[in-house]
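J.: Note that the protein sequences, when read in sequence, are chains A and B.
Per my numbering, residue 50 is the first one in the first sequence, and the count goes up by one each step.
Per my numbering, residue 64 is the first one in the second sequence, and the count goes up by one each step.
None of these hints come from the bench; they were simulated from the model.
Don't be surprised by glycine CBs; every beta carbon is placed ideally from N, CA and C.
Watch out, some of these pointers could steer you wrong.
[To be verified] Pairs of lysine to aspartate or glutamate, EDC-like flavour, derived with a Cα cap of 20 angstroms:
#	chain 1	residue 1	chain 2	residue 2
1	B	K129	A	D164
2	B	K156	A	E554
3	B	K147	A	E542
4	A	K416	A	E400
5	A	K539	A	E560
6	B	K147	A	E506
7	B	K147	A	D553
8	A	K351	A	E442
9	A	K159	B	D150
10	A	K468	A	D434
11	A	K210	A	D167
12	A	K221	A	E378
13	B	K147	A	E554
14	A	K407	A	E119
15	A	K243	A	D211
16	A	K539	B	D150
17	A	K468	A	D344
18	A	K285	A	E119
19	A	K468	A	E442
20	A	K285	A	D553
21	A	K555	A	E284
22	A	K468	A	E426
23	A	K555	A	D514
24	A	K210	A	D234
25	A	K539	A	E303
26	B	K147	A	D514
[What the hints assert, rightly or not] Only part of the chain B face toward chain A is listed, based on derived beta-carbon distances under 10 angstroms:
#	residue
27	F128
28	Y144
29	S203
30	V205
31	G208
32	N239
33	P240
34	S330
35	V342
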Amino acid sequence: MKKVLSLALMVAIVLSLVSFASAEPEYSVTLRIEVYDRGNMPAEYGTPDNNRWTQWIQENFGDPNGIKLEYVPIPRGESDVVLNTMMAGGNAPDIVFSYSETLYYDYALKGGLYDITDLVDEYGDNLKANVSMDYGVYQGHRYAIFARRLEQTITCHFIRKDWLDRIGYELKVNEDGFYHMSVDDLTECLAKFKELDLDGTGQEVFPIGANGSGNVSRSTRGIFESFYNRAEIDEKMRVTTPNITWPGFYEGLEWLNMAYNNRWIDPDFVADTDNSQKLLDYNIVTGRCGYWTHDAWHGVQKGEALEQLYLANPEAEVVAFQLDNVYGEQMVELYAPTGMVIMVPATAKDEVAEAAVKYLNWLADPKVHLVLYYGIEGEHWEMVDGVPRNIDEQYVAETKISTSDLAIIYNGDPNYGAKMIVLACPEVIQPIRATTIELGMVGGFERYSFGQPIVAETEYGTTLDSKRGELLATCIMCAPEELKANYDQKVAEYMNIGGQAVIDEKTQVYEELNN
Amino acid sequence: MSDSADKRYNASQRKVYSRRSKTLLYFSGHWQFYLMLVPPIIYYAVFHYKPMTGLVIAFKDYNMFKGTWASPWSGLTTFRYIFKNPDFYRAIKNTLVLNVLNLILGFPMPILLALFLNELKTGVIKKITQTILYLPHFISWVIIGGMAYQIFSMTTGIVNNALNAVFGITVPFLTNPGWWVFTYFIISVWHSIGWSAIIYMSAITSIDQEIYEAAKVDGSTRFHTMFFITLPNIKNTIVIMLILQVGTMATIGFEQPLSLQNSAVMSTADVISTFVYRVGTQNAKYSVATGVGMFQSIINFILVVGTNTISNRLTGQGIW
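Work out the full structure, taking the sequences as your base and the hints as a guide.
T.: This is the structure:
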C-alpha cells in the first residue's frame, strides 16, 4: 500500500512539473530591468516587480518577442548608492537608470557601459523619432538613452495679487501677456507687506517665502536671474564659469542680504534644507508671506500649499509674474530637454543588450506610453474635449500606482503635452500652472551639454554645490558691512576646492568644440 | 573541563615530557576552551581583518568595474587630493572641537547621573527616571533633526518663544555657526546621557555594601559617600571608558551632524564623516573615502596607545 501511495505521489509531482513547464511560453532570453521601489504598494496591488502593469508589459512586449522580463526593485531613496554597489559587484540589472549625469559619465569613462550604437540604429526607430539622440553619445559611441523631459521651466515668481490690490499697486501686463513687475516695485511692495500684515495673522510677517532646499538655490535662483547682466555674459562665460561670478550676481546677493536683514525672509529658512519642514508651505498657507520664487511646480498639486491657502482664505489670489531683469533683458535657466539617463551595463550579454534596446524602443512608442501613463481607455479614462480625463480618481489612484516608474522613456506625456500637466492641478490652480509653464521659458537658455564628461566636475561636483550653498547662506545672512569680505572669501574657497579646475577644463573643452 | 582530562593533565606534571608532548597534553586538557574561542576569531578575521585588505583601494585609481586588484596603482595621489583640499582641514578641526567638547564637558555627565541615580532609594522612581533618561537613545537622528528644528526655531520654537518672553531675545540655535556647536553638544548629551550611565550604574552595583555601612558608621554624609566611596570604586570603569572615548577622537558619527547641519553653519558643522560622504560616497570616489578612513584610523590608533600609556603611568590603570 505504502509503495503504491509513494509511486502515485511521485507521478503526481513529475506530472505537475511537466505541466508547469509546458504552461510557460518559450523564452530565449531573460531581461532584468531596474524599477524604483517607493514602498507605496498595498499587498493586494502587488509588488514593484510583479503587478498588473508588469504583467501587461510581459504579455504585450515580452511574450511576442520571446523575452522573459524580470524587474529588480531598488529603493527610490538610495537608488544611486544601490546602483553603484550593484555595478561594482557586476550584478546590476540589464537596464539601469539614474538622474545623475555625473554617474553616467563616471560609468562611461571607466568602461562600465554597453556600447548600444549599432543596436539603436537597428532596433531603435521609435527612440530615434521621439527622443533626442544628441545626448548619450561619448567619443562617437552611444552608451545611454536620455529620457525626454517635456517641461523645461525651472523657476517662477509668485505673488499674492489680493495683497497688491489692497496696497493699491496695479500689476501691469507686458506685451507677451504676462504680469510683470520691476525689482524696485517689488522692493516697495514687500516693505508694505512687512508693515501691514495683510492677512491679519497677528504674527510677524516674512513677506518673502523661502527654504534652504537645493543648497539654498531653489528659493534664490529667480532673484539672481533678475540681476544678471545678460549683455556682459557671453556664451563662453555662461558655459564655463559658475554663476556666482557672473556680472549681476553680487547685486542680487546684496538685495537678498538687504531683505534678510530687514527680516523679510524667515530667519529659519536655511535650516529647512530639503523642504521636509515645510517652512515655505507653512508661511504661504498661513498668510505669513506674500511673495516667493521657487520651482515652477512647487505647491501646485492637489492638496499642496496653494490649494490649502485657497481653502483657508477664500479671498487669497496668487498669480505668477515675471520679475523684470534690472538690465532689461531676461536671463532664465532652463532644464535640458532630458530626464533620467538610461543605460545598459557592460556586463549584459549581447542578446540581452539587444532585448534591452528593443524593450526601450517599445516603451518609446507613444501608444504604449499612453497606456502606462493614463491607464486603459474606458476603464481608467475617457476622452473629454480631446484629452484623456480620469473617470474615477479614486479608482485610478488605487489601480495605477507608480506606473510612471515603468514608463521610463518620457518624463511627462508626449501625446498631449503641457496641457495635461495643467489639467492635473486643482481647477483653481490651473490658470497659475498654465502661466508658469510659458512664463518660465521667457529669456530662457538650456543648460549647455558638452557631450563628454568634464572630469573635474565628476570629481568636485557635489563639493562645489555644497560650497555654493554655503556662500549663498552666509552672504544672505551676514551683516551688510560684512557682505563684500564674506563673498570674496567664499568665492576664493570655491575656486580653491576645485572650482578653478572645473573652469579650466570646461574652457579647454569649449574651445576645442568651437574651433 | 571533564574530570578525565583534568587527571591526565595533572598526571603529566609529575613526569618529565618533551616540550612538544607537553603542548599536546595541554591541548588535550583544554581544547574545549580553544573551541569556544574559534567563533570570535573567525568573526574578527572575516569582518575586521579581511576588510583591511580593502585599504589598498586608497593607493589605487579605483575602477569599480575592474575590481580592487586590477585597478591601476596610483601611489599617493589620493592622499595628495585629500590633503590639498582646504575643507578637509576644516572638517578635522570641527571634528576635534566637537569631540574635545564632548570629552571635557560631556564625559562626566553620565558619571554624575549614575552617582545621583544611585542615591534614589525607591526602586520604582529610580526605574522610571532611568527609563525616561535613556529613551532618547532609541530615537533615530532623522527624527531628532526634525524635533530640533521645531524646538529651536527662531519664530515658532518653544525655546526661543520662552527666551523672547522672559529676556526679549531670540537665539539662532541652528543657523549661527557658534550657537550650532552649543546646540549640537546639548543634543548629544540629551541623547546619550541615560544610555552611557548604564555601564556606571552596573559598576556601582558591584561595590561591596560593607564599605558603605562602614562609612555610615564613621558618620560620612551622603555627598562624602558619593565622592569618596562610590566614585573611587568605579575608577577602573571610568578609566576604561575614557580611553575608549579618546580612541574615537578622530571619528564622529555621521547621522547626528548630517541631520542637524545646514548651509549656513558648515564652517563649524562640516565634520570628517559628512566630508567623506560628500566627497567620497556621493561622487562614487571610493579611493578618497578609503583614504580618509585610513587616516582617521591611524590617528585613533595613536590616541588609544598614547592615552593608555599615560593612564598606566599616572594611575596604574589601563586597558592592557
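J.: Now, for every hint given, state plainly whether the structure supports it.
T.: Now the hints, each set against the structure:
Of the pairs offered as hints, the one joining B:K129 and A:D164 holds, with about 17 angstroms between alpha carbons and a cut-off of 20 angstroms not exceeded. A distance of roughly 31 angstroms separates the Cα atoms of B:K156 and A:E554; the hinted pair therefore is violated under the 20 angstroms criterion. A distance of roughly 12 angstroms separates the Cα atoms of B:K147 and A:E542; the hinted pair therefore holds under the 20 angstroms criterion. The suggested pairing of A:K416 with A:E400 is violated, with an alpha-carbon distance near 26 angstroms, which exceeds 20 angstroms.
As the CA atoms of A:K539 and A:E560 are separated by approximately 28 angstroms, the hinted pair breaks the 20 angstroms bound. Taken as a hint, the B:K147 and A:E506 pair is honoured in the structure, with Cα atoms around 17 angstroms apart against an allowance of 20 angstroms. Annotation: proposed proximity of B:K147 to A:D553 holds, straight-line Cα distance about 18 angstroms (limit 20 angstroms). Distance check on the hinted pair: A:K351 and A:E442 sit about 12 angstroms apart at the alpha-carbon level, within 20 angstroms; holds.
Distance restraint check for A:K159 and B:D150: the Cα-Cα separation of roughly 27 angstroms exceeds the 20 angstroms cut-off, and the hinted pair is therefore not satisfied. Straight-line distance between C-alpha atoms of A:K468 and A:D434 comes to about 12 angstroms, which keeps the hinted pair within the 20 angstroms bound. A C-alpha spacing of about 56 angstroms is found between A:K210 and A:D167, which places the hinted pair above 20 angstroms, so the restraint is violated. Our distance criterion of 20 angstroms between C-alpha atoms is met by A:K221 and A:E378, whose separation comes to about 18 angstroms.
About 19 angstroms separates the Cα atoms of B:K147 and A:E554, which keeps this hinted pair within 20 angstroms; it holds. Distance restraint check for A:K407 and A:E119: the Cα-Cα separation of roughly 15 angstroms lies within the 20 angstroms cut-off, and the hinted pair is therefore satisfied. Taking the CA atoms of A:K243 and A:D211, the gap is near 15 angstroms; set against the 20 angstroms cutoff, the hint holds. This hinted pair checks out: A:K539 and B:D150 have alpha carbons roughly 12 angstroms apart, not beyond 20 angstroms.
Between A:K468 and A:D344 the CA atoms are separated by roughly 18 angstroms; this keeps the pair inside 20 angstroms, and the hint holds. For the suggested pair A:K285 and A:E119, the alpha carbons sit about 46 angstroms apart, so the restraint of at most 20 angstroms is broken. The straight-line distance between the Cα atoms of A:K468 and A:E442 is roughly 18 angstroms, inside the 20 angstroms bound, and the hint therefore holds. Pair hint A:K285 plus A:D553 holds up; C-alpha atoms about 12 angstroms apart against a cutoff of 20 angstroms.
A distance of roughly 12 angstroms separates the Cα atoms of A:K555 and A:E284; the hinted pair therefore holds under the 20 angstroms criterion. Between A:K468 and A:E426 the CA atoms are separated by roughly 18 angstroms; this keeps the pair inside 20 angstroms, and the hint holds. Our distance criterion of 20 angstroms between C-alpha atoms is met by A:K555 and A:D514, whose separation comes to about 17 angstroms. Proximity of A:K210 to A:D234 is assessed by CA-CA distance (about 14 angstroms); at most 20 angstroms being required, the pair is judged to hold.
Between the alpha carbons of A:K539 and A:E303 the distance comes to roughly 15 angstroms, so the proposed pair stays at or under 20 angstroms and holds. For the suggested pair B:K147 and A:D514, the alpha carbons sit about 19 angstroms apart, so the restraint of at most 20 angstroms is met. Below 10 angstroms, beta-carbon pairs count as interface contacts, and B:F128 has one with chain A at about 4 angstroms; its hint therefore holds. Interface restraint check for B:Y144: the shortest CB-CB distance to chain A comes to about 8 angstroms, inside 10 angstroms, so the restraint holds.
Taking 10 angstroms as the C-beta cut-off, the interface hint given for B:S203 is violated, the closest approach to chain A being about 14 angstroms. Taking 10 angstroms as the C-beta contact cut-off toward chain A, the hint placing B:V205 at the interface holds, the least distance being around 9 angstroms. A cut of 10 angstroms between beta carbons decides the hint on B:G208: the least distance to chain A is about 9 angstroms, and the hint holds. For the restraint placing B:N239 at the interface with chain A, the shortest Cβ-Cβ distance is roughly 9 angstroms, inside the 10 angstroms limit, so the hint holds.
Interface hint status for B:P240: upheld, as the beta-carbon distance to the closest one in chain A is roughly 9 angstroms, under 10 angstroms. Hint status for B:S330: holds, given a least beta-carbon distance of 8 angstroms to chain A, under 10 angstroms. The closest approach between the C-beta of B:V342 and any C-beta of chain A is roughly 6 angstroms, which is under the 10 angstroms cut-off, so the hint is satisfied.
Checked against the numbered hints above, the structure breaks hints 2, 4, 5, 9, 11, 18, 29 and satisfies the rest.
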